[in-house]
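Starting from the known structure of chain A, arrange chain B on it as the hints suggest.
Number of protein chains: 2
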Amino acid sequence: MLGRVNHIAIAVPDLAAATAVYRDTLGAKVSQAQALPEHGVTVVFVELPNTKVELLEPLGEASPIAAFLAKNASGGMHHICYEVADIIAARDQLAAGGARVLGDGTPKIGAHGKPVLFLHPKDFQGTLVELEQV
Amino acid sequence: MLGRVNHIAIAVPDLAAATAVYRDTLGAKVSQAQALPEHGVTVVFVELPNTKVELLEPLGEASPIAAFLAKNASGGMHHICYEVADIIAARDQLAAGGARVLGDGTPKIGAHGKPVLFLHPKDFQGTLVELEQV
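Chains as they are written, first to last, in UniProt numbering: chain A, 1 to 134; chain B, 1 to 134.
Keep in mind that the hints were calculated from the coordinates and are not lab data.
It is possible that some hints are incorrect.
Each pair may be met inside one copy or between any two copies, as identical chains are not told apart.
Unchecked claim - Once the Cα atoms are required to be at most 20 Å apart in a straight line, the calculated DMTMM-like pairs of lysine to aspartate or glutamate come out as:
1) Lys52 <-> Glu130
2) Lys29 <-> Asp104
3) Lys29 <-> Glu47
4) Lys52 <-> Glu83
5) Lys52 <-> Asp92
6) Lys108 <-> Glu38
7) Lys29 <-> Glu130
8) Lys114 <-> Glu61
9) Lys108 <-> Asp24
10) Lys108 <-> Glu83
11) Lys71 <-> Asp86
12) Lys122 <-> Asp86
Everything numeric in this text was worked out from a predicted model, so none of it was measured.
With the rest of the complex left out, here is chain A (with noise of 0.2 Å):
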C-alpha cells in the first residue's frame, strides 16, 4: 500500500528561525513561506534529492500543531506522510486491519491539492501517519 514518503513534517515555534537554519547552517534549498489558512500552518518546503522535509509553523488560533508545540516548545518531528495510490482503498483496508482513521474517514482536500487522511498515532508506535493521494 505505502509508497513514496512524500514529506517529513517538522514542527517549529519560529519558521524563518527555522529557515535560516536549513537553508544557512544545513545548506538546504528551501522555499518561500507560504501561508496555507485552511490548514492552520504556515510551511516552507526543504528540498532533498528523494523527498522533502516540511517546516510547519501555527497559523490561526484553531491550528492542528499548537498542541504539539504547547508539548514540545522547541519543535519536532510532527508526522511522516506516504503517498498511496487509492485513499479509499487504503483506508477500507486499514479499517478492515484496525487501524483508526483520525476525523471522519473522508479524506480532505491536504496541502498539496490532493487527498490525504491521518491515521492514529496509537496504532502506529506513536507515529501520526499522513496518507496522500498521488
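Then chain B, alone, in the frame of chain A:
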C-alpha cells in the same frame, strides 16, 4: 550540504509488533530483524520506493534509545538521517555555524558501516539529525 534522506528512524518498544504493523497493516516491504549490539538496537528496515524507515528496538543495557522510550512509551519518530558527501567538511561547516555535534565530534561507524555523526536536537528545532557519509 544535505543530500538524500537516508532514513527516518522510529523507536519502538516491541519490534515484532511494529514490523507486523508496517508489513501487514500498511503493506510495506520489511527486512528481517538485525541485532546490532554495538549500536544498542535491533533494527528492521521498511523499504519505501525513495527512502527507508528504520524501526529501532532497544538492545542491551545502554541502548541509545532507552531514554527516548522511557519518555515515549508507545514509541515515536527518533531521528532523520541525511546523506552528506564529506562528513568532516560537513562537521566543520556546522561547527563554524555554531551547531553542536554530539560526542567528541569524531564520526563513528554507523549501522550501515559508514561514518556518521549526530547533531544536537536543540540546534535543529527539536529534531535529532544524523549525518551519514555515503
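Original post:
Of the hints given before, which are not true for this structure?
Top reply: 2, 5, 8, 9, 11, 12
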